[in-house]
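Number of protein chains: 2
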Amino acid sequence: MPKLVDHQKRKEQIARATWRVILKQGMEGTTVRNIAKEANLSLGSLRHYFSSQDDLLAYAMELVKEQAERRIVSIASQDLPPQEKVLKMLLEIVPTNDEKMAEMEVWLTFTAHHKHKNQGPIDDGIFSGMKKIMLYLENENVLKEKINTDLESEKLYALIDGLALHAMFDRDRVTSDRIEAVIRDYLQSICSGQENGTS
Amino acid sequence: MPKLVDHQKRKEQIARATWRVILKQGMEGTTVRNIAKEANLSLGSLRHYFSSQDDLLAYAMELVKEQAERRIVSIASQDLPPQEKVLKMLLEIVPTNDEKMAEMEVWLTFTAHHKHKNQGPIDDGIFSGMKKIMLYLENENVLKEKINTDLESEKLYALIDGLALHAMFDRDRVTSDRIEAVIRDYLQSICSGQENGTS
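Same order as they appear, the protein sequences are chains A and B. Every letter in the first sequence is one number past the one before it in the UniProt record's numbering, and letter 129, counting from 1, is 129. Every letter in the second sequence is one number past the one before it in the UniProt record's numbering, and letter 23, counting from 1, is 23.
What the hints contain is simulated information worked out from the structure, not anything from laboratory work. Owing to the predicted nature of the structure, the values given are computational and were not obtained by experimental measurement. Ideal Cβ positions, reconstructed from N, Cα and C, are used throughout, including at glycine. You may find that some hints are simply not true.
[Claimed, not checked] In silico DSS-like links for lysine-lysine, alpha-carbon gap of 30 Å or less:
1) A:K11 - B:K117
2) A:K131 - A:K24
3) A:K117 - B:K37
[Said to hold, decoys possible] Examples of chain B residues toward chain A, derived with CB under 8 Å:
4) G26
5) Y157
6) L165
Bound-form chain A, shown alone (with noise of 0.2 Å):
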């Protein structure tokens, strides 16, 4: 089916080029114009692939998920001790580079301009995430007895998303070492410490 595979093609090209242009001129720029400018294409081509700016906009948003979910799950595959596997996935949400910096941003403008326009709560997919990776230490057996997983779940979240943001505004304290040695640090005090394998 080349015809549908050019047509998905075209869409995350118009995707991409949406990120750059939220990433170089904010939401206040982020218009249909200057997306199909920077994609190349005229305004009535974009319009082709996408009927409105929140279409598109939503299917960019859509991609910024898949590729950090593609990322988790090769991870979860790898046959490594729980505790670790767990920092490896969660170092893949957290922007340690400069691609994940950019979806962050991304993601983060889209966020706001969304809550700006009253549109409720986007699912990020995050937190059904953190409880996922809740579960799986529990079900291992190196989570600490007295831990509530749905608090726990609750407090993970927040340490990811507020570590991502201070990553984004403040890059040269919040470096990628420094989030590591805090998402360690936050393993070793829920663990229970009878695996071996992170230290």
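Given chain A, work out where chain B should sit, using these hints.
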């Protein structure tokens, strides 16, 4: 000095009008023209108080910071067990009511805008506040022995801003009760529990 007081008061009114415009229209709509309209002033008189939009925004943000500081200083002077005192202080930063939610939203919108303009990191004073809180808990001998106060301050800072972000984006799940439960749980995890004022 009635003249100076009036000047100060008027500047505050303009800053509050700026917040309302940011809340209603996002940074896209936060123009000097819209702010003047919201404050019921002519463009000319607005320019009498602030020579540029950047000046005005910086001042409006400074006010958000001062408001939070005032609330925290008033808690610091209260006679409370250390862990309870810290909990109350932290709850002043996280948006648990409409006023604080608005502060957070204005702050985040402004910070994202500032970031897009590549104006470098903004110091909101919260990270240094977190360090002070850790040192306070350490001096009061309620902190667990193996806590690394530097890393722990970074962790707490991320936790607080992450909770603030999630409260803003999903208020139905991240209620003020849930925020309090997460912070309480976190403090229990770093404190030795020799103090009994918290439960």
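Each hint tested on the structure:
1. A:K11 - B:K117: Holds, at about 28 Å.
2. A:K131 - A:K24: violated (34 Å)
3. A:K117 - B:K37: holds (21 Å)
4. G26: Check passed: Cβ of B:G26 comes within 4 Å of chain A, closer than 8 Å.
5. Y157: For B:Y157, the interface hint holds, since the closest Cβ of chain A sits about 7 Å away, which is under 8 Å.
6. L165: holds (6 Å)
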